[in-house]
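Visitor: In order, the protein sequence lines correspond to chains A, B and C.
FYI, in the numbering used here the residues of the first sequence are 38 to 313.
FYI, in the numbering used here the residues of the second sequence are 38 to 313.
FYI, in the numbering used here the residues of the third sequence are 38 to 313.
Do not rely on the hints blindly, as some may be mistaken.
[What the hints assert, rightly or not] Cβ-Cβ distance ranges computed for the label pairs, FRET-style:
(1) A:His130 x C:Ala152: 23 to 33 Å
(2) A:Ser40 x C:Asp193: 45 to 55 Å
(3) B:Ala231 x C:Glu195: 35 to 45 Å
(4) A:Gly307 x C:Glu277: 27 to 37 Å
(5) C:Arg158 x B:Arg226: 53 to 63 Å
(6) C:Arg145 x B:Asn259: 53 to 63 Å
(7) C:His308 x B:Asp299: 35 to 45 Å
(8) B:Asp58 x C:Gly153: 49 to 59 Å
(9) C:Ala207 x B:Ala231: 27 to 37 Å
(10) B:Ser281 x C:His130: 36 to 46 Å
[Unchecked claim] Here are a few chain A residues that sit away from chain C, every Cβ distance over 12 Å (derived from the structure):
(11) Met88
(12) Ser89
(13) Pro92
(14) Gly128
For the record, the hints were derived by calculation from the structure and aren't laboratory data.
By construction, the Cβ of each residue, glycine as well, lies at the ideal position given by its N, Cα and C atoms.
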Amino acid sequence: MSSQAGNLVRSSGALLATLRDRRPIVQCVTNFVSMDLVANALHALGASPAMSSAPEEADEFAARAHGVVCNMGTLSRDRVESLQAVAAAAGRHRKPWVLDPVGVGATRFRGETAAGLLRLRPAAIRGNASEVMALARLSGVSAEAAEPRGVDAAHDPEAARNPAMALARAYACIVLTTGTVDLVTDGTRVVGIANGAPVMARVTAMGCALSGAVGAFLAITNDPFAACVAASAVFGVAGELAASPGGGPGTFRVNFLDRLFDLTTQTLVGHAKLAD
Amino acid sequence: MSSQAGNLVRSSGALLATLRDRRPIVQCVTNFVSMDLVANALHALGASPAMSSAPEEADEFAARAHGVVCNMGTLSRDRVESLQAVAAAAGRHRKPWVLDPVGVGATRFRGETAAGLLRLRPAAIRGNASEVMALARLSGVSAEAAEPRGVDAAHDPEAARNPAMALARAYACIVLTTGTVDLVTDGTRVVGIANGAPVMARVTAMGCALSGAVGAFLAITNDPFAACVAASAVFGVAGELAASPGGGPGTFRVNFLDRLFDLTTQTLVGHAKLAD
Amino acid sequence: MSSQAGNLVRSSGALLATLRDRRPIVQCVTNFVSMDLVANALHALGASPAMSSAPEEADEFAARAHGVVCNMGTLSRDRVESLQAVAAAAGRHRKPWVLDPVGVGATRFRGETAAGLLRLRPAAIRGNASEVMALARLSGVSAEAAEPRGVDAAHDPEAARNPAMALARAYACIVLTTGTVDLVTDGTRVVGIANGAPVMARVTAMGCALSGAVGAFLAITNDPFAACVAASAVFGVAGELAASPGGGPGTFRVNFLDRLFDLTTQTLVGHAKLAD
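Model the full assembly from the supplied sequences, consistent with the hints where possible.
Guide: Laid out in structure tokens, this is it:
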């Protein structure tokens, strides 16, 4: 392991300990499919989810929250209004927020919504390879075409490496592209996290829950690159430990919350597989 | 077992194998209580759920989806608009869709919504006996009264046999009425599927998840009758295998997703109890 | 145990038996994070949830429901309209309803919504200490300040004892304040229920599910004080039995639904820890 990778593994362990100590409030505008898992994953991790989406209270929640999550799933006109209000409030209150551009590339509506949110400057973007490629393309920073497949990824994160880097540079943010190997980039550096288990792709809202975790880690550090790596490593290691041989997605989801809850910094540091 | 029943058992096995091979995209407008279970059941089954409801993207999702689900639970004005837009788009793109008329008969609002959706020609209808009887009655195809009890069934599917047949003939669709024994009819034939377990009635959204599975099977065959039988048999057999003696509804739901995931065509064919 | 406490333990057992016998219909306007758990907990308990929020059908559902739940989480303009319509319909149809003022005190929007709902006269209020203190303060019945922390409680129920009593007297309702020890008051009497387990605070929507249970118990008795005590005792005892040493929140939630389902009146009576 390179010295950069070794440092990031150690910082992930330290950030996990800090997160549990501080119990950051993470405001989540997340889609209706994922609300239960996102809130439970944040609780299990040691954060305090606040599932508020109303524009009427965006400022008051942003003032109190330590990190914010804007997830574009189950989009609607009302939801667009909520996402924009909450992201704008996060900006005014200088709270870091993560954009999860669910299904971007699949429809014009999602593309316009994502473009509007990008202009509000997320600290991080978390998406699958298809979403990251689509987002880079519609932002004009990459010409590579992405074939969306509903909201599931049709591409490997490696295919999104250059678009992700271009996106990170253009918007001065961190891009976390998830898949078999997760990639985190700030536009210059790229780190891969090779944890996780195949069954994770058969449980709904796992990506949304990871975006929630990114919001929690952003809340406790000024280093968004380290926050994205930590969130990816924590989810990947907990996922590996939760996946039993021959186990199904029902059992996995239960185990996963248990493993998020009892993951020690030692286990995290011992199992995280990072590579430059 | 009659030769028709035997053929349907074999076709159910073949359809399950096809579904896993093709991984159809199933667009779901489903109620907010059921979103988590519907999406997870579709993932476990091997399909790819797309939980999009926005009229703004109905055409783009319908173009990409292979099957569509319109579920009337947690109804609202916005939801009516979504259901109508998505069902209409499914029609324009010639994608088969299933109507789940949750709670129809309980209120005028649901009755009007169901009537409007029926005119858009679902390939299949999936409801409990009370809902099917209410739907037949409000469509003017049956005079039998149904006493709704909230959204839970107050009747046995057998009581809905004639209304279900009348409904299927009037709208040239398949009607799947669920209960202790599920009944599938095209208005002429009626097949009963006698699988399942009592605990399934104590887990929320199991009917909605079955409607999701109907959408997945409709997506991969031109025979909607066989699709409804396969969905019912798969759910019933997985339910039987998931129900442990003395087990509660929490454990059941976890096991059920595991059994949907690892159900083999041999197990399905060996356990399905069909009768004309 | 005092004779009052002993009587309440016995009445809790009797109410649990009655609930399972009558299977009351409980209409729930509850937040989107909690819908799955609220509905599943009601099913497990033996009630019949009806998750309808539409103002268009508020009167028809209120006519049929036996108890009603109004939960302010994931608030929005539409949700305010739903809550007011459903609470008003419950009043017209003389059905008891419980208010769960999620996050009140955190924002002006929630304060105004809660104040409007209080005027519609809930039979019971269920909240954490921070919410009960905030509600008492904004109602002008108590001057004690509460520091909200997102939607999680920042206070012990004991700190809310006087505000809860003042609130109960001012609105002639029962107030159930939950925490390490739950407190039930009608403004004169106060009973503490000391069951439960720490892991319950790490599972989302457990408080919302308890509010659902309050709605179910209100539905089957004219004694709302006994209903609140029974709901708290049932949740606390089921929670204790569900919490395994070293177990995580994923396993807990599964076990909890199983224990709600198979909890006997004897176990309830034997384990409930009540004190005046």
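Visitor: The structure should be examined with respect to each hint, and the outcome stated for every one.
Guide: Status of each hint after checking the structure:
1. A:His130 x C:Ala152: 23 to 33 Å: Because 26 Å falls inside the window, the suggested range holds.
2. A:Ser40 x C:Asp193: 45 to 55 Å: The hint (45 to 55 Å, Cβ to Cβ) holds, given that A:Ser40 and C:Asp193 are roughly 48 Å apart.
3. B:Ala231 x C:Glu195: 35 to 45 Å: violated (55 Å)
4. A:Gly307 x C:Glu277: 27 to 37 Å: At roughly 34 Å between Cβ atoms, C:Glu277 and A:Gly307 fall inside 27 to 37 Å, so the hint holds.
5. C:Arg158 x B:Arg226: 53 to 63 Å: About 55 Å separates the Cβ atoms of C:Arg158 and B:Arg226, which means 53 to 63 Å holds.
6. C:Arg145 x B:Asn259: 53 to 63 Å: Hint holds: Cβ distance 57 Å, inside 53 to 63 Å.
7. C:His308 x B:Asp299: 35 to 45 Å: holds (37 Å)
8. B:Asp58 x C:Gly153: 49 to 59 Å: holds (55 Å)
9. C:Ala207 x B:Ala231: 27 to 37 Å: violated (57 Å)
10. B:Ser281 x C:His130: 36 to 46 Å: Distance hint for B:Ser281, C:His130 holds at roughly 41 Å.
11. Met88: Contrary to the label, A:Met88 does not stay out of reach of chain C, its closest Cβ about 5 Å off (not over 12 Å).
12. Ser89: violated (7 Å)
13. Pro92: violated (9 Å)
14. Gly128: holds (19 Å)
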